Each structure stands twice: as structure tokens, then as C-alpha cells.
Amino acid sequence: MVPPGDDDDATLTAPGTLVVSRLAWLELDRTAGWFRAGFDRATVSTRPGEPRAVGPGTLRGDAIALLARARTSARVVATPTYRGPALWHLGAVRVD
1 MVPPGDDDDA TLTAPGTLVV SRLAWLELDR TAGWFRAGFD RATVSTRPGE
51 PRAVGPGTLR GDAIALLARA RTSARVVATP TYRGPALWHL GAVRVD
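59 is the number that our numbering gives to position 59 of the sequence shown; each next residue is one higher, with no gaps.
Among the hints, a few may not be true.
Per label pair, the in silico range of CB-to-CB distance [stated by the list, open to error]: (1) Arg71 / Leu23: 29 to 37 Å; (2) Ala65 / Ala10: 31 to 39 Å; (3) Asp6 / Asp29: 17 to 25 Å; (4) Thr31 / Arg75: 27 to 35 Å; (5) Asp8 / Thr31: 30 to 38 Å; (6) Val54 / Ala10: 18 to 26 Å; (7) Pro51 / Arg71: 13 to 21 Å; (8) Pro80 / Thr46: 31 to 39 Å.
Hint data in this document are derived by calculation from the structure and do not stem from the laboratory.
Because the structure is a prediction, the values reported are computed rather than measured.
We put the CB at the ideal spot given by N, CA and C, even for glycine.
Input sequences plus hints: build the corresponding full structure.
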């Protein structure tokens with residue numbers, strides 16, 4: 001269980017935020033913490049109710065640093081493989 005944070009969904013999806021619902025694949029260097037992850041489709045938050053579709057794309061960066069500065073939602077979800085915050089805001093991530 002990852003503990004929930006203090007932020008509401010609207011705060012974590014402010015305009016300009018890339019919202020990725022599901023990764024298509026993930027590569028992780030377990031010793032250095034660097035990752036690459038692909039997504040087929042995502043959205044960029046604009047004004048409420050008007051997200052812009054983007055993708056496919058690749059995210060990359062330092063997974064340890066991203067998780068250390070992550071902000072998480074107060075709302076919690078539970079699936080067979082995950083129980084924790086519904087949203088994670090990782091800050092700046094390189095997107096190719």
C-alpha cells in the first residue's frame with residue numbers, strides 16, 4: 001500500500017499536465033534507477049473538460065528522483081495488483 005497524499009485530482013491535473021493512464025512498456029536499469037517507458041495514448045490537460053490527445057511517446061529519466069518528488073492524490077484506488085493513490089504527479093519528465 002502506497003499512502004495517499006494531500007492533493008485533489010484537479011490540482012494534480014492542472015493545465016499543461018501530461019496524463020498517462022497506462023504504460024505500454026517499461027525498461028528500468030535497477031542499479032542506476034534510470035528508466036524508459038512508452039505510452040500509446042495520453043492527454044494534456046488544458047481547460048477543464050477539454051484535454052488534448054497525444055501519443056504515442058516515450059518517457060525517460062531518473063525513476064528514483066521522480067518518485068522522491070512525486071505528489072499523490074488523496075483519492076485511493078484498489079486493483080488486484082495495486083492499492084494506493086489514484087494519481088501521481090511526477091513533475092518534469094522528458095517526453096520524446
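*Range hint compliance [Cβ, Val54 to Ala10, 18 to 26 Å]*: Holds, since Val54 and Ala10 (Cβ atoms, about 20 Å apart) stay within the stated range.
*asked:* Assuming the hint says 27 to 35 Å, is it satisfied by the Cβ distance from Thr31 to Arg75 or not?
replied: Since the Cβ atoms of Thr31 and Arg75 sit about 34 Å apart, the hinted range of 27 to 35 Å holds.
*Return holds or violated for the Cβ distance of Ala65 and Ala10 against the range 31 to 39 Å.*
25 Å, violated
*Starting from the hint 30 to 38 Å, judge whether the C-beta atoms of Asp8 and Thr31 obey it.*
For Thr31 against Asp8, whose Cβ atoms are near 36 Å apart, the range 30 to 38 Å holds.
*Look at the Cβ atoms of Pro80 and Thr46 and judge whether their distance stays inside 31 to 39 Å.*
Holds, at about 33 Å.
*Taking the CB of Pro51 and the CB of Arg71, does the distance hold inside 13 to 21 Å?*
19 Å, holds
*Taking the CB of Asp6 and the CB of Asp29, does the distance hold inside 17 to 25 Å?*
For Asp6 and Asp29 the Cβ distance comes to about 31 Å; the hint is violated.
*asked:* Is 29 to 37 Å respected by the C-beta to C-beta distance linking Arg71 and Leu23?
replied: The hinted range 29 to 37 Å is violated for Arg71 and Leu23, with Cβ atoms some 19 Å apart.
Violated hints, in rising order: 1, 2 and 3; the structure is consistent with all others.
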